[in-house]
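There are 2 protein chains.
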Amino acid sequence: MKILITGGAGFLGQRLARELLKTQQKQIITELVLADIAPLRDAVLLADPRVRSVTGDLRQLLADGVMSGIEGVFHLAAAVSGECEADIDVGLHTNLDTTRALLDACRSLMQPPRLVFSSSLAVYGGNMPEVIADNTLPMPQNSYGTQKFICEQLIADYTRKGFLDGRSVRLPTVTVRPGKPNKAASGFMSGIIREPLAGVDTVCPVDPQTGVWITSPRFAVAGLIAAFNTPREQWGGRTAMNLPGLSVRVAEMIAALERCAGGGGAAVAARVRVQQDETISTIVGGWPWRFDPVRAGALGLRGPASMDDIVAEYIADYPAAVAVAAPTTDAP
Amino acid sequence: MKILITGGAGFLGQRLARELLKTQQKQIITELVLADIAPLRDAVLLADPRVRSVTGDLRQLLADGVMSGIEGVFHLAAAVSGECEADIDVGLHTNLDTTRALLDACRSLMQPPRLVFSSSLAVYGGNMPEVIADNTLPMPQNSYGTQKFICEQLIADYTRKGFLDGRSVRLPTVTVRPGKPNKAASGFMSGIIREPLAGVDTVCPVDPQTGVWITSPRFAVAGLIAAFNTPREQWGGRTAMNLPGLSVRVAEMIAALERCAGGGGAAVAARVRVQQDETISTIVGGWPWRFDPVRAGALGLRGPASMDDIVAEYIADYPAAVAVAAPTTDAP
Chain A
50 MKILITGGAG FLGQRLAREL LKTQQKQIIT ELVLADIAPL RDAVLLADPR
100 VRSVTGDLRQ LLADGVMSGI EGVFHLAAAV SGECEADIDV GLHTNLDTTR
150 ALLDACRSLM QPPRLVFSSS LAVYGGNMPE VIADNTLPMP QNSYGTQKFI
200 CEQLIADYTR KGFLDGRSVR LPTVTVRPGK PNKAASGFMS GIIREPLAGV
250 DTVCPVDPQT GVWITSPRFA VAGLIAAFNT PREQWGGRTA MNLPGLSVRV
300 AEMIAALERC AGGGGAAVAA RVRVQQDETI STIVGGWPWR FDPVRAGALG
350 LRGPASMDDI VAEYIADYPA AVAVAAPTTD AP
Chain B
50 MKILITGGAG FLGQRLAREL LKTQQKQIIT ELVLADIAPL RDAVLLADPR
100 VRSVTGDLRQ LLADGVMSGI EGVFHLAAAV SGECEADIDV GLHTNLDTTR
150 ALLDACRSLM QPPRLVFSSS LAVYGGNMPE VIADNTLPMP QNSYGTQKFI
200 CEQLIADYTR KGFLDGRSVR LPTVTVRPGK PNKAASGFMS GIIREPLAGV
250 DTVCPVDPQT GVWITSPRFA VAGLIAAFNT PREQWGGRTA MNLPGLSVRV
300 AEMIAALERC AGGGGAAVAA RVRVQQDETI STIVGGWPWR FDPVRAGALG
350 LRGPASMDDI VAEYIADYPA AVAVAAPTTD AP
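In order, the protein sequences belong to chains A and B.
With our numbering applied, the first sequence corresponds to residues 50 to 381, in that order.
With our numbering applied, the second sequence corresponds to residues 50 to 381, in that order.
There could be a bad hint or two in this list.
Identical copies go unnamed one by one, so any copy, or any two together, can satisfy a pair.
[To be verified] Using 25 Å as the maximum straight-line C-alpha spacing, the simulated DMTMM-like pairs for lysine to aspartate or glutamate come out as follows:
hint, residue 1, residue 2
1, Lys232, Asp366
2, Lys210, Asp146
3, Lys210, Glu132
4, Lys51, Glu120
5, Lys51, Asp138
6, Lys51, Asp366
7, Lys210, Glu327
8, Lys210, Asp326
9, Lys210, Asp138
10, Lys210, Asp136
11, Lys210, Glu244
12, Lys71, Glu120
13, Lys71, Asp326
14, Lys232, Asp250
15, Lys232, Asp326
16, Lys232, Asp136
17, Lys229, Glu327
18, Lys51, Asp91
These are computed hints drawn from the structure, not numbers from a lab.
So that you can see chain A by itself, here it is in the shape it has in the complex (with noise of 0.2 Å):
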């Protein structure tokens, strides 16, 4: 099988092509090619024959047949939510027009490619029952869920009419993202780990008592592999699927880093400096943090057990990122 991920120099995308090239894989990827504006510098991945890297803008790469003889799809690229609120014309191209061009290249194939979408939790905003179900109807309150919610649309609309299999899946937060920050309003809940962990001071720019819907690189990964291979008939229904998280506070992820940092725990978590940014409290706060994701869990997918884990997962993965004591538990 010939499989693209756009965004695949990204953070989650090499994280998922990591996974998708593992032994238990390896029968039916043929070529993977991860499609980024920015270079793969995955060393493992550039080392793997069956990796193909192609760097450029989304749409010119489609333009040039990128799409050629593929037979799935993970549609991880975006412009994040930063960069959408700050200027809504780099999301309406990004997030829209470019999403729109690959579903007219999965159109024109002879064979209905497989597509998944990762949407996000961003769709949900403004006033909101206290807990998500999988019926909520999304209103989205900045841009870059705007996109999002539209593109679920457009790909269950072109699932509908055959030109593709899609499916959506709405991701929390993934966090502990590895490397530098980037423009998402939701950096920081990576941030506030990653930096502390590295021996670097942060700022947390929202209220400590905000809630957040978050989930572990592991377990985003593990939530699309699934989505890709799960029978269209057990997938149920054309609308996006929200995947399982962990609820939890600010306060409580900066805890599990004090325990989780080894002896000095509490040094490491007073990195964390608490320095509220309006644009960003808004936009994070008016996202909701208690879900009850029903139809992924009848799926089998789960979300992170505790913050500690979270934390634990991501010392075990990045080691080399971690400055501090050796850490006091195991990766999940």
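On the provided structure of chain A, position chain B as indicated by the hints.
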């Protein structure tokens, strides 16, 4: 005030234009621009010095500056459901891309205009609760409904950003429409009343036990004008509003025709022949027909009281189109 109606030469656009120009509205309308792909033929409107009719593709008209000085917009222009289902590209161009161009034209104005968008009950479908509430999740089951729902999202986000003051209303099927049949899947809901009253045989393409959610032209126009005139804070939120209507089975529509058509009513109703069309039955059968439009009700909006009222309204408003015996009831 200078107002633009897109689809202004269409049936609903002309009705809306006439109503807006009536005495009680006179002081506020300085110019009413009716933009349409088809030329305006309404003699009353053509004779009104405040009316300016412009003909052409809306995107071209926008490029030619039709929005110059506009303070209010009623966006009614759309490819209808049957067209969109037959050719998704027609719908994406006419309903999605053209609406985006309109919204961007609004955004380019110095003063953000007020905009009323006519969305549709067609956003709903699939596995729904028996009664549609204001916050029921739309899961569009046809391309027309998908495109309308997407435009609602764009308008909500543009409103949030302050580019315009948008109010989206979801109209029940408007019946009885005068004139010739169009390609809307819902077209028969007018045809089964209009054609027999004109002495013409017609086909009902769905099971007469099918339930439908309808309103009359007068109530539809009143809803659009209320959406325009209601103060923002009273309008409540940026989510599209379900307008009130009447829940009725097709068989009851035909029975009302028989009652309202005077002495020869049975012969008039006998002009309706049931011959099911699978495409139309699928689209229309997928639409809900029981609603609880609480939000609209709180603004004092209401729908027709009965099917008899709807038939009587048509007979009163379009006497020249009625070939049969004098009606037995008056318009509401």
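Looking back at the numbered hints, which does the structure fail to meet, lowest number first? 5, 6, 11, 13
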